[in-house]
Amino acid sequence: MRHLMSPLDLSVPELEKLLDLASDIEKNPKKYAHTCDDKRLATLFYEPSTRTRLSFEAAMMNLGGKVLGFSSADSSSAAKGETVADTIRVVSCYADICAMRHPKEGAPLVASMVSNIPVINAGDGGHQHPTQTLTDLLTIRSLKGRLDNITIGLCGDLKFGRTVHSLIEALVRYNNVKFVLISPEELRIPSYIREDVLKKNNIEFLEVERLEDAIPELDILYMTRVQKERFFNEEDYVRMKDFYILDKQKLSLAKDDMYILHPLPRVNEISVEVDSDPRAAYFKQAQYGVYVRMALILTLLEVELPC
Amino acid sequence: MRHLMSPLDLSVPELEKLLDLASDIEKNPKKYAHTCDDKRLATLFYEPSTRTRLSFEAAMMNLGGKVLGFSSADSSSAAKGETVADTIRVVSCYADICAMRHPKEGAPLVASMVSNIPVINAGDGGHQHPTQTLTDLLTIRSLKGRLDNITIGLCGDLKFGRTVHSLIEALVRYNNVKFVLISPEELRIPSYIREDVLKKNNIEFLEVERLEDAIPELDILYMTRVQKERFFNEEDYVRMKDFYILDKQKLSLAKDDMYILHPLPRVNEISVEVDSDPRAAYFKQAQYGVYVRMALILTLLEVELPC
Amino acid sequence: MRHLMSPLDLSVPELEKLLDLASDIEKNPKKYAHTCDDKRLATLFYEPSTRTRLSFEAAMMNLGGKVLGFSSADSSSAAKGETVADTIRVVSCYADICAMRHPKEGAPLVASMVSNIPVINAGDGGHQHPTQTLTDLLTIRSLKGRLDNITIGLCGDLKFGRTVHSLIEALVRYNNVKFVLISPEELRIPSYIREDVLKKNNIEFLEVERLEDAIPELDILYMTRVQKERFFNEEDYVRMKDFYILDKQKLSLAKDDMYILHPLPRVNEISVEVDSDPRAAYFKQAQYGVYVRMALILTLLEVELPC
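Chains as they are written, first to last, in the working numbering: chain A, 6 to 312; chain B, 6 to 312; chain C, 6 to 312.
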């Protein structure tokens with residue numbers, strides 16, 4: 006039985022197969038509308054995450070399946086001191102597959118080790134959020150037609166941004182991907198990414214402090230939030246925050262076929278005036294998130310696919 | 006695409022069509038049992054409202070559809086600072102139609118302006134709660150066979166009662182509806198209703214302070230709660246509260262074919278001894294609420310109806 | 006219309022029929038997969054209980070039915086002062102059957118008295134939790150092939166353990182069931198069980214203080230939690246707690262065909278090293294809980310069974 010703990014659990018060929026399936030689902034949703042009739046997904050969310058939970062639920066429903074679960078730890082047996090391992094063994098009696106969100110790193114892994122049903126890590130603390138990465142990859146591949154030969158800008162909080170780290174680790178497996186890392190000094194990518202992922206693999210990358218300096222070269226711009234709390238002092242924050250807000254003016258410097266992604270929720274790092282630009286792809290990305298989760302559920306459940 | 010923000014969004018002929026559909030659903034529920042197979046309703050409840058949420062969910066399920074969503078803001082992305090506009094754009098990827106409850110007036114309207122799916126206002130602060138009004142209209146029409154030529158008593162807190170204001174605005178569009186407004190002095194209907202809705206349209210109405218004075222004339226008695234906090238002083242409350250409690254004795258003064266409605270939940274303004282009286286229609290009203298929401302979902306989704 | 010308030014609501018022949026149905030469901034789940042298509046279960050949980058709620062939801066989904074409800078009182082109309090009687094009358098408009106969990110003893114009974122749909126008590130305070138008892142009975146019968154002629158050990162907190170009391174009351178109706186009651190002095194079974202249930206019916210029973218003294222004789226060992234707070238003093242707790250922890254060593258004294266049950270959640274009263282022992286049946290028990298709830302829903306809804 007397969008689980009999904011990290012985006013790297015899937016080899017590049019496996020990933021291609023998954024993304025192909027997701028693209029076919031996008032084109033022919035009806036073909037898949039009853040592939041999971043009588044299957045049940047458990048959404049075990051030990052911390053709230055509406056977007057991710059609803060995306061999983063929509064994915065399962067689109068396949069004809071049913072959903073049960075909980076949306077916060079208060080209403081779970083965790084409050085009574087039950088271990089995640091025990092919970093998943095019981096939930097195995099109720100569902101065919103499980104998506105687990107947990108504030109503690111590694112909790113889904115612990116669950117997967119004793120589970121009788123496939124477990125999908127739907128986010129474990131600051132650690133992994135693999136279905137976000139799969140969503141990002143499907144979005145890029147769908148919009149650009151490829152995952153190699155691209156220049157991708159990653160902008161904002163690159164130090165703590167889990168989705169950014171995972172995306173870099175996933176993309177270095179493709180050929181000729183160039184990274185432009187756009188962040189304040191305080192929020193640069195951690196050295197393990199710089200040294201062990203980028204340098205060790207001889208990946209071309211650039212670190213810059215201002216979005217407008219970087220934007221003209223990019224094929225993809227991946228925006229993330231810069232939280233005020235992350236700065237050492239108010240002064241730095243005030244001086245720099247506008248560097249990381251994408252507005253029409255900065256966007257005017259970009260290529261016509263550059264696409265803007267964002268894991269959402271957005272606060273103010275993308276100005277709403279950008280929403281109507283055809284390059285704004287962050288809401289489409291949410292739609293790709295459903296397709297890729299549908300493909301993932303079908304794959305982990307080893308459902309025989311319709312031809 | 007149509008949304009429903011206020012009961013007045015529907016013209017009288019549109020409303021008739023909707024109520025006709027609801028009545029047909031009541032008579033032939035099986036005919037509609039699969040009209041929304043593979044459709045999904047999102048219930049976005051930024052404040053809890055079990056009754057309204059469950060009524061929407063039951064409505065969608067009765068049509069064969071599926072439901073996803075959240076039942077309080079804690080478990081939503083609102084906590085992360087996401088705007089309602091962004092949330093609805095994402096939810097548009099997950100569902101085909103949405104019912105939104107929000108503590109802030111106008112939030113569903115904001116959502117509807119950017120949404121790719123129909124948005125139903127399921128209550129926005131003290132502002133509107135249009136599906137309650139549709140429920141009330143269907144109940145009256147079903148029980149009395151008409152919406153014109155009726156004398157309706159509205160009893161209780163007429164000042165703050167959102168459902169009362171909406172019902173008045175909806176009913177003045179029909180011929181020969183006479184209103185008897187039964188409330189303490191402090192809780193009389195607001196002047197905009199008295200002047201701009203009733204007087205301006207030459208609608209016959211009466212304001213009285215005691216339920217038993219009004220009840221003999223009524224075709225419909227619409228009860229609402231009188232909350233103690235609304236009174237200026239304890240003395241007034243004690244003196245008057247019994248005026249607004251419907252019991253067997255007061256009901257003995259009413260016509261045999263007068264029906265009692267209440268938006269529920271009830272606290273003590275209708276004595277439980279009244280529940281078994283055939284004129285007590287407030288639980289039937291909850292059933293009509295499901296039928297009218299079914300009709301509304303079918304209408305907004307523009308589902309081709311079975312013949 | 007039938008409700009289920011207590012396991013004793015079912016006569017022994019009715020119980021046999023229910024367990025037979027549950028066993029047939031276990032063997033032929035597909036046969037029942039659409040017996041409740043278009044039926045809706047309401048899960049009204051006024052206090053959280055993930056396991057019980059999900060078990061009911063899985064049961065209904067396995068029958069093809071749909072589920073709606075709430076998982077804590079915060080998000081229910083109870084917060085607005087509505088009585089349970091009013092709530093169930095409204096919910097009767099939304100669902101075909103209801104499972105209610107409530108912190109107050111008797112609340113489901115009150116609901117059942119005015120309900121238009123079958124009500125299942127899913128736990129009311131310290132009072133009853135009949136579907137747990139049905140689960141226990143199905144598990145024992147499935148594993149041992151019988152409910153009579155068994156020696157069952159009940160271990161842990163026998164004073165406050167609701168499930169233990171119910172199980173004893175249910176089992177005394179069978180022939181030649183012998184009870185071994187294993188608990189610290191402070192947590193012995195209440196005298197109404199000892200006198201009115203056991204002694205009055207001439208049931209053979211033994212009270213012992215140490216699990217290892219009792220274990221060799223047992224056909225079934227029913228473990229429960231011993232909460233530290235239940236002890237009069239720290240000293241007693243430290244001295245005795247290990248008596249009530251089942252580990253491999255104690256298990257080595259047991260028969261090869263003795264099965265271990267536990268209502269779950271477990272904290273540390275069963276060592277995880279026991280989980281892989283074929284006699285550990287507590288996770289299977291969760292699966293039986295789904296089957297018996299499926300059988301119960303079918304029975305109370307009086308669904309015509311497939312042949």
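By construction, these hints were calculated from the structure, which means they are not laboratory data.
It cannot be assumed that every hint is accurate.
The list makes no distinction among identical chains, and a pair is therefore deemed to hold if it is satisfied within one copy or across any two copies.
Restricting the straight-line Cα-Cα distance to at most 25 Å, the calculated cross-link-like pairs of lysine to any residue (SDA-like) are [to be verified]: (1) K35 <-> E191; (2) K149 <-> S11; (3) K246 <-> A90; (4) K246 <-> T168; (5) K149 <-> N33; (6) K44 <-> L310; (7) K32 <-> V308; (8) K109 <-> K204; (9) K32 <-> D42.
Keep in mind the model is a prediction, meaning the values are calculated, not measured.
With identical chains treated as interchangeable, where does the CA-CA distance between K109 and K204 reach 25 Å or less: within a copy, between copies, both, or neither? neither (30 Å within a copy, 51 Å between copies)
Alpha-carbon proximity between K35 and E191, which holds within one copy, between copies, both or neither at 25 Å: neither (48 Å within a copy, 58 Å between copies)
What label fits K149 with S11 when the C-alpha limit is 25 Å: within, between, both, or neither? within (24 Å within a copy, 43 Å between copies)
25 Å Cα cut-off: does K32 pair with D42 within a copy, between copies, both or neither? both (20 Å within a copy, 20 Å between copies)
Could you place K44 and L310 in one of the four classes (within, between, both, neither) given a Cα distance threshold of 25 Å? Result: close both inside a copy and across copies, 14 Å intra and 22 Å inter.
Given a CA cutoff of 25 Å, do K32 and V308 count as a within-copy pair, a between-copy pair, both, or neither? Answer is both: 19 Å inside a copy and 22 Å across each meet the 25 Å cutoff.
Could you figure out if K246 and T168 sit no more than 25 Å apart (CA to CA) within one copy, between two copies, both or neither? within (20 Å within a copy, 46 Å between copies)
At 25 Å max between alpha carbons, let me know whether K149 reaches N33 within a copy, between copies, both or neither. The answer is within: 20 Å in one copy meets 25 Å, while 49 Å across copies does not.
Intra- versus inter-subunit Cα pairing at 25 Å for K246 with A90: Close across copies (23 Å), not inside one copy (43 Å); limit 25 Å.
In summary, the structure is inconsistent with hints 1, 8 from the numbered list given earlier, while agreeing with the others.
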